[in-house]
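As they're listed, the protein sequences go chains A and B. First residue of the first sequence? That's 1112 in the numbering used here, and the numbers climb one at a time after it. First residue of the second sequence? That's 6 in the numbering used here, and the numbers climb one at a time after it.
Quick caveat, the hints were computed from the structure, so don't treat them as lab data. Every residue gets a Cβ at the ideal spot worked out from N, C-alpha and C, and that includes glycine. Keep in mind that the hints are not guaranteed to be accurate.
Stretch-level coverage of chain A by chain B, calculated; a stretch enters the list once three of its residues show a Cβ under 8 Å from a Cβ in chain B [what the hints assert, rightly or not]:
no.: 1; segment: 1147 to 1156
no.: 2; segment: 1172 to 1181
no.: 3; segment: 1261 to 1273
no.: 4; segment: 1298 to 1306
no.: 5; segment: 1380 to 1392
no.: 6; segment: 1410 to 1417
no.: 7; segment: 1434 to 1442
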Amino acid sequence: MAAAETDPRPRGADAAGPVAGLLAAPLALLMRLVDWPMRALQRAVGERRMAYVFLLPNLGFFSLFVFLPLVINFVFSVTGGAGLFPSERPFVGAQQYAYLFDCASFLDPSSCREDHFWRGVYNTARFTVFQVTAMVLFSLLTAVVLNMKIRARGFFRAVYFFPVLLSPVVVALTWKWILQRDGLLNAAITSLGGERILFLVDPSWAMFWVVFVSIWAHMGCYTLILLAGLQAIPADLYEAAEMDATPRWRVFWRITLPLLWPNMVVVIVLALIRGVQTFDEVFVLTGGGPGTATLMIVHYIYETAFANQVQNFGLAAAASVVLGIVLFALTLAQLAASRRKGAA
Amino acid sequence: MSLAARMMTARRRPGRWHWTDMAAYAYLSLGVVLMFGPVLWLGLSSFKTQAGLLEFPPSLLPMSQREVAVPGQSQKLPLYEVTMPDGSTRALAQLRRIGIQAQMVDPANPGEIIRVPIDKRTPVRQFRLATENYTEPLERFAFTRFLWNSVFVTIVATIITLIINSMAAYALSIYEFRGKTAVMLLVIGTLMIPITIILVPVYLVVTKLGLVNSLWAVILPGAATPTGVFLLRQYMLTLPRDLIEAARMDKASEWQIYWRIVMPLAMPALAVLAIFSIMWRWNEFLWPLAVLTKTEAYTLQIGLNAFQGELQTQWHYLLAMTVVTLLPVALVFVFLQRFITTGIANTGMK
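Required output: the full structure, derived from the provided sequences and hints.
This is the structure in structure tokens:
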């Protein structure tokens, strides 16, 4: 058939062979079997309307696991009781929200009725500010260095990138092993004559390491985005600047940074969106501790809904709605930013 | 910032070194230590014995005390180097320790018992990989179960993701139909709704479907991905239309066009999505943590987390299992890095 003769096997298909081949082989038979009912369907609805048939599975999944839950989330957040099914839950109006926001002073989490929520909010805010700032600076520095004419660039790029692929549990355990009381870092400190530090028991150190480990794990992703941006800057701009003997800092401020700015915005917003949702690494590394020093919002939601003795779905849903509003604002910013990137 | 500026604009002329080159290589070397070091240390530590892991300061390589078989003894005895009263040193095996005295024998002459103060002896150590850290969990713990669960979730979820996302991408790239814009907006909409904000209601849906503590509860909710649809649609838009028209002339059904023409041509994009899906599923944590409460249903990540939370953390097993968890991803990285890096640079997804 036409496919066999004209199939040019685009580049990359060979390298993908092992992955795709493994998955494709048993599927071929199944797909042939599906063709028969699909043909019948096509005769019934016509060629053009087959689009809806093709969309159906994906939209079905989206409706069932994204849109429907979004609606139910609101229902949960305005109902009370301990039941999981909405029919068992009495309507309570804005009571869950009132409970969450019941604070004598919003600046002091311990004055709040639901103090863990507010500690989560403050910890997440603190984490996000530190993490995003440091992340952007280090990714920029690394991207700039990797964009220089250096030897073995592919190797160095891989070095900074590979932790991105590690699972959060692996990342957290790797660092927990290093940071523990008798770990590698304390061995280095004592060999230099220092005192052992209980890194994950001291609240300030715990927050520092949570930020550090999260940057360690995710920096490669942002470095790549910035590196792609740097490589897209036309080289003749720099040559022209060199001919004019423009000072280097001026070249950076006037050429590099403005042309890289769309990528920078994408990086900042992406890092913000992910920072606000931080949970995995922190949960395994510190468990939110010591005390509540590294308890994040998502951790609070998880705890309230699933891990606590008394599961409070309504409160967790209300907190999710609050988090959702924050994320919505950030995502709008991202869409605006990427649209500008497309135009630039 | 001005440092970065100079690095940015440095042009190395052949044979001339600028100080920014030095700084760049210094930064990169530091990076190698900082990024590779922890994982290397994890790997080395995972081969240490339980006793070896308790040492402080830790040894770099996995070392353990040498043991020798002594005639007349049922078990192997630990070997020590002993400083004798006359100043000479001998290699002796320890029978037992009583207070500050140790009873030792010369393996060559097992009849004679030598009493030695314990501070006069130092263990004879040798390089040994404690492979039992790897083999024992496979026999004794639910670890094989976790491993199987993770493999099952990863493969099945990736297949489902590839099929339903490519079908949607096909519809959105090849056809013109009413409501196309609305569908595109819906797909964009799902981008804004991560699992973190709908944890509770998805749990409700999964409960209603009777899937709690089943692996399908992990597989299904994330099967349709907006990033996957966009990635595939973007690629399919570039495919030549004549090919599809020609197939229609030849009375190919729409399903055949999708399966026999568009899918093979979209292979590079499918490969990228497959790699990402494998990574997402293998590493997924929050949702499985919420929905899987029975040990039999745990995936590797959840199993590891449960194992590290135990009162007496058995680090020698835990580290080895962490390495096993890391290996598939490491292999993917070594062989398919190019696909992943271009995927991230183009879409920002991860």
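Structure-based check of all given hints:
no., hint, in the structure
1, 1147 to 1156, "holds (count 3)"
2, 1172 to 1181, "holds (count 9)"
3, 1261 to 1273, "holds (count 8)"
4, 1298 to 1306, "holds (count 3)"
5, 1380 to 1392, "holds (count 4)"
6, 1410 to 1417, "holds (count 4)"
7, 1434 to 1442, "holds (count 5)"
Taken one by one, the earlier hints all hold for this structure without exception.
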